[in-house]
Amino acid sequence: MNNFKVKNPRTDLRFEIAFTKAYREAVDSYTHPARIEAACLRAQFPAILHPIQDEDLIAGRFQMGLVGLGIQHQTGGFGFYINEEKVTAELEFKAGSAQYREDLHDLLTYWKGRNTNAVVLRNRPEAIREALPSDLWRTMPLPASPILRMAGAYIDFDKLVKIGLPGLAAEVDGYRKKAAENGGDVELFEAMLDVIALIGEVCLHYEKQARLLAMEAKDEGRREELERMAQSLAAIQAAPPKSLLEALQLVWIYGVMAPLIEFGRLDVYAGDLYVRDLASGIITEEGAVALVESLFRLIDHLDCETDGRVIVGGYGRRNPENADRMCLVAIEACRRVKEVLPQFTLRFNDSTPKPVWDAAMRCIEEGRTYPLLYNDEVLVPGVMKAFGVDRARAETYMPLGCGEIELDHYSFGTPSGSLNTLKILELAIRGGYEPMTGQQVGPATKPLVACASYGEFLTEYRKHLDYYVHAQAIFEKYEYEITGRMHPFMMVTMLYDGCLERGKAVFNGGCAFLGGTLEMYGNVNAANSLSAIKRLVFDEKTMSAEKMVEAMDRNFVGRHAELKLMRNAPKYGNDDDYVDSIFVSLHDYLNDSIKEQAPKVGLDSYLGVTINNAQNTTLGRWVGATPDGRKAGTPMANANNPAPGTDKNGVTAMLNSILKPRHDNHAGMVSNIRFTRELFTESRGKMHGLIKNYFDRGAAHAMISVVGKDDLRNAMQRPAEYRDLIVRVGGFSARFVDLKKDVQQEIYDRVTY
Amino acid sequence: MTASPTEGPKAIVYDIQRLSLNDGPGIRTTVFLKGCPLCCSWCHNPESWEQEPRLAYTDALCRFCGECARVCPTGAHSFEAEVDGKTAHRLDWSKCTACGNCVEACPYDALELCGREYSVRELLNVLSHDRPYYRIGEGGGVTLSGGEPMASFGFVEAFLERKGKLHVCLETSGYAPAEQFKRIAAMVDLFLYDWKAAPTEKHRQLCGVGNELIGANLRLLCGMGANVLLRLPLVHGVNDDEEHLKAVAALLRELPQIKGAQIMPYHALGSAKESRFGLAGQTMALANTGDGQTDLWLKELKSFGAINVFV
Ligand code: SF4
Ligand code: SF4
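Residue numbers (my numbering), protein chains in the order written: chain A, 1 to 753; chain B, 754 to 1064.
Extracted from the complex, chain A is given alone in its bound form (with noise of 0.2 angstroms):
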C-alpha cells in the first residue's frame, strides 16, 4: 500500500472508524449498491481531502483511508477494502482510548468476510480452487495467482471537460427520466446525481479554501494564484470549464474521487482550451507549463508504484493540431517535474512532429526515462489484430498501468492474473512436483527424466500452461460478474462508453467491452531453460535430465561442471536464433492460447501482457534453480528484455534479439533500453538514429532509461546484473563491469547529477 504524498498526513483511524460505522448505516437503510455507494463516497468526501499545498496551482489532494471504497489496490484497495496489516500494527503499536481500540477490534472483525477482496476469492468457482489456491503471490510459491482489483479505468475525460458537470447531470436526470418510463433502473440514476452533487461540494470545499489562502498569502503572487484557483473551482460548478486552468481542476478533481489512476490523452481533453487561451491571451506557454507541471505533481503525490499514465501524441485525436502545441507544454511539464510519476506516455507514428520528438528525446537524455514511447504504426495494426476491432477503434489503443493495453473510454482490462511460467517450467520438469513444498500440483505429466525428446517435453510443460491459463481466464470472467453485483463504480460508470444509455453499472452489463490481460512472467528465463535443455539433453547429450535436476535440486552447490553448461547454452537476448526462435514460440504459444480463451469464457477479449513492475522480482523469490543457469530465489528477466547479465554480444545483438516478437497477438510488451548518460549526449545524433531505426524496425515500445549516479553505484556493487552497461571513457566506449574500480569509481564521480 503507499503513501500519499501529503504534509500532514492522518495520525489515527477515526477516518476509518466512521467510514466503517456510515457503510453500516448504508446497509441498514438501502440494498441498491448504487445508494451505498453514494452513502460511502460521502462517508469518504471531504473526510480523506487534505489542504492545498503552498506549490499547488490546482486544488486536490487526498489520502486514502486503511478502510475505505477504492477501485485498486494502487489507491487504498479493491472495492470496499481494508489493510489489516496496517490496522493491526495501529493496534499493536500505538495508544488509544478504550473505546478507539474496540473499534479498531470492530473493524478488523467487521471487514475481514467483508471486504470485496475477501468475498470474490471466497465464492470463487469450485473448478479453478485448487489451479488459483490464492492470492497471496507475494509469499506463496504459485504457479498462478488473480490480481484483485479493476484498475485501468480510463474515462471520457474529454467529454467531461465538453459538457462539464452541468452537462453530465443533465445527462444523467434525461435517463432517469427515461428509465421511470420504462422501467429501468431509477436509483442507479438518482444515486448518480447525488455523487455529481458530491463532486460539486468537494469543489466548493476547495473554492472556499483558496479564498481563505488567498487572504492570507503574503506573497501578492501567489495570492492571485489562490484567487484564480478559487475562481476556477466556482466556475466549474456551474459550467463547463472554458479555459486549461477549469478543465485541469474538474479533471484531476474528478479523478480524486473515482479514484482513478490513468489521466487520459491530455493533450487532446487539454489542447483546445489551452489554444483558446493563448489566443485570448489568458494564458502564457510558460504558465501552461506551471500548470500541467501542478498537474503531474499532484499524479505523483497518489505514490502508486504503478499506472499514474498520461498519454499524448498519436492517432486517433479529434485535434490534432491544437493536442500536439498541447503535447509540448506536456513533455516541457514531463522534464522539470522530476518525479517518479506520471508515466508519461508518447504514442508516436510518421506523422508526429519533429518538435515533439525532439522534445522527448531531450527529455530521455535527461535521464527522466519518460516519455515512455509507444508506435502507432505497429500497435495500432497489432490491436486490430489481438482485440478484433476496426481501426477507427484501434487508433483509441491506451497503454496503462505497467504497458497493459485498452481502448479508450471503451474497454476494461485489468482484472487480472499473472503467471509464472518459470515456476511452471520447474513444477513440469518434475512433472507436476513442487520442490519447495514437497506437494502435487496441477496436472500430473511425464517429468523431464521420463520424455525421449525435446518435443514430448514441450508437450507435456503445454499442459501445465493451459491448465493454469484457462483457470486464469475462468477467474477473471467471474471477478466481473461478482463485481458487477457489488459495485456500480459510479464514476466510472457515467463517463464510459454505452453505459448510461444502457442504463446499467459498468462491470453489470454497461461497459460494451470486457477484455482481460494474464500478466505473464518468467518468459525469458523459461526460454532460456528450454534451450539449455534442447541443447544439452536432446541435442548434443552432453548432460543427462537426471544430472540437470539433481544440479537444480542442490541449488548448484558441488556442481559447478553443470552450472557452467547450462549458463553457456545459448541465452535470448544475443540474436542466436536458436533460442530467440525458442522465445518466439513460447511468447506465440502463450499469447494464442490466452486469446482463445476470452470466447470460451464469455470475455471480450483476453490477452496476455509482458510487463515492467517487481514481480519478476518477487515472483523469483519462490522459484527454484533452473535450467538456465538461475539460481534459487533470484529474479527473473524483467518483461521483453534478456535475464541479468546474460546478453554478452552488446547493445545491438539485444536489440535484435527484442525485436524478434511480434505485436499482434498480446495486450502489450514492454522493452527497456538502458544508456549511459555520456554515451547519449556525446553521439546525440547517432543515439537518436539508432532509437528510430529500433522503431522503424517494427519495435512497439520502448522504455529508454539514461543511466546516471545511482545506477552506476548499483553496477559496482551487482556487476553481474550490468554486463550490458556501456559508458563512454574519454574517446571510447568500454564496459562498465570491465573496469577496475578505481575507473569506475572515476567515472561515477564524473556523472553530474
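FYI, nobody ran anything at the bench for these hints, they're computed from the structure.
Here are the simulated distance ranges between beta carbons:
1) A:Gln745 <-> B:Glu857: 31 to 37 angstroms
2) A:Ala127 <-> B:Glu857: 49 to 55 angstroms
3) B:Leu1051 <-> A:Thr284: 39 to 45 angstroms
4) B:Arg1006 <-> A:Asn319: 58 to 64 angstroms
5) B:Gln933 <-> A:Asp577: 36 to 42 angstroms
The structure displayed is predicted, hence computed values, not measured ones.
Where is the CB? At the ideal position from N, CA and C, for every residue including glycine.
With chain A fixed as given, assemble chain B with the ligands onto it according to the hints.
Same frame as chain A, but now just chain B with the ligands:
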C-alpha cells in the same frame, strides 16, 4: 595470424565492440585484432600487444568456487583466507600459459580468454548481425582496430577483398611495410591514422620505434588518394609538447588531402586493465586528461595553423 588451406588467413580477435560511436562515421562495429609492433607508453589496450591469446580475470565476478584451481595444469590459481574472513583469489600470471582450462571451468564468467581465432568468413558472419545499424544516419560500418591490424596483414587484405559494400575504417599506427599499404589503399574507405609524437627520437622513446616509416606511409596513402583522418592521442606532459603540435600543424598544411585531425585525450584505462590482464607495471600510470586541457590543445594547434582539428 595463421593460414589454413580451406578458410584462408585467420587473425586473433580480442574484442568486438558493438555500437561503436567514435571510430569513424555512423554506428560501427569495431574489431580489435591482437598484436602490435609498437608499445606506446599510454596504450589503452596493453592486452593487445602480443598476438597470442591471454587470460583475463575480472575479480568483481569471482565467487571463489575454486573450479579454476582444480583444472589449472600449472597451479596458477590459489585461494587465501584474509583477515576479514573474506577469501582472496590470487592469480600467478607468470605460471599461466593461457591454455584456457580455467576459462572453460569458470561458471561465473570471471575468467575469459582474451583473443580467439577468426576466419574472414566467421568475422563477416558475426558482423552480419550489425548490418541494420550501418544504415543509420550518415552510414556506418566496420572499423578494424588493434593492436595494429596491419600486423595481421594477410587477414586484413582477405577481409577487405571479401567485404563487398561494407564501409571499412582501418585504425592504424602506420607502422607496416609500404607495399602492404599500397595493396589495400583502394579498398579501405577511411584510414584512422595515428600520429603520436615528433621528432623520431621522441617517437622511438615513447612507442618503441621511430616515425620515419609512419610518415612515409602517410604521404604514400595521401598520394594515392586514400581517405585519411589523423588521430592524435595526446597525453599531457608526455607528447603534447610544442614541437609535436607544430609538426602536426605542418603535416596538415603539407597534406591538405587529410580530412582532419581528431584529438584523442588520454584516459587512465590502460593502467586499470593491468590487473585484469596481469600486466602490472607494463604501462605508465598517468594522470587523466584534466578539464579544459582538450580545449587548450585545440587552441594551440589552431594557433600553429592546423586546420580541421576536432575532438
Ligand atoms: S589459462 Fe592459465 S590459469 Fe587458466 S588453466 Fe590455463 S594455465 Fe591455468
Ligand atoms: S572458477 Fe571462476 S568464479 Fe570460481 S574461483 Fe575461479 S575465477 Fe572465481
